[in-house]
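Asks: All chains, full assembly: derive it from the sequences and hints.
This is what each chain is made of:
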Amino acid sequence: MNPNSANQIWSKWSFHVRPEIRVGLPFEDVRSNVARFFRKAFGSASIMHIQQEPDGYLIEVITEGQPVHDPNFQRYIERSCAIFFQYGFGWNTETEMTAKLLAGSRQDGTPADQLLMVPRTEQTTAVWGVQHGERTL
Amino acid sequence: MANALYNTYKQDLLNKVFDMDTDTIKASLIDSADYTFSAAHDEYSGGARDVPAVAIVAESGALTSPTIVNGTFDTADFTWTSVSGDVSEAIILWDDTLTNDRLVAFYDTGITGMPVTPNSGNINVTVNASGWFSL
Chain A
67 MNPNSANQIW SKWSFHVRPE IRVGLPFEDV RSNVARFFRK AFGSASIMHI
117 QQEPDGYLIE VITEGQPVHD PNFQRYIERS CAIFFQYGFG WNTETEMTAK
167 LLAGSRQDGT PADQLLMVPR TEQTTAVWGV QHGERTL
Chain B
532 MANALYNTYK QDLLNKVFDM DTDTIKASLI DSADYTFSAA HDEYSGGARD
582 VPAVAIVAES GALTSPTIVN GTFDTADFTW TSVSGDVSEA IILWDDTLTN
632 DRLVAFYDTG ITGMPVTPNS GNINVTVNAS GWFSL
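Quick note, the sequences are listed as chains A and B, same order.
For the first sequence, this note's numbering begins at 67 and goes up steadily by one.
For the second sequence, this note's numbering begins at 532 and goes up steadily by one.
Read the hints as simulated data drawn from the structure, not as lab findings.
Since no wrong hints were added, every one of them can be taken at face value.
Here are the simulated lysine-lysine pairs, DSSO-like style, with alpha carbons at most 30 Å apart:
hint, chain 1, residue 1, chain 2, residue 2
1, B, Lys557, B, Lys541
2, A, Lys78, B, Lys557
3, A, Lys78, A, Lys166
4, B, Lys557, A, Lys166
5, A, Lys106, A, Lys166
6, A, Lys106, A, Lys78
Replies: As structure tokens, this is what we get:
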């Protein structure tokens, strides 16, 4: 996959969700429901990461092909997500969304943004002496 | 070449020289035509620098939100702004707090989007959700 090829638009959408209901919700259930929702919202060409925070959840989605430069589309996604989270977590749930272009044209005549995604390097084998060297995930 | 920590970094990590969540850590975009990795390299700048200035295509500001959790070093994503220069193939992580800017890690493998051809626009970098590296 090359996110910097012509005509691709990659964007990152972050949602900070502060649920009204905070008890009795297994993290795995939340993760799978959120993943299902975002697959429908953004399509399968997406990477989702969710983590539990002291006051709720931080969800980040990197996706291809969405018109992130369009404020109307951003408002549509924000409204749809707020409703989804209210159904799941209660009507007083608060959702904050930020959207950022990662790669592609800003549609304003400036050069296109480009994207690099860095893998993690693990030193475990080197530390434990099983095999000298690093393993890239 | 595989992604790797510099041996001198490992050595001085054990000697309490590096403090990864309080030092200023930066990332540079590197043209591999002008820099060849060696695990023995230790200085990013200074008189005996190991990374030639010509190899450095872009430098970040201080990486924000550095954390160390269960042996994993992580930071927030970052952007090199308005980058122009040679086609680049690697990223170097370095410590701007220490004298002569000490080298930390070298990445040239498995980076989605590499090699990148600077076009005077921004280059956004997403750090792996599981951090830069784990010990």
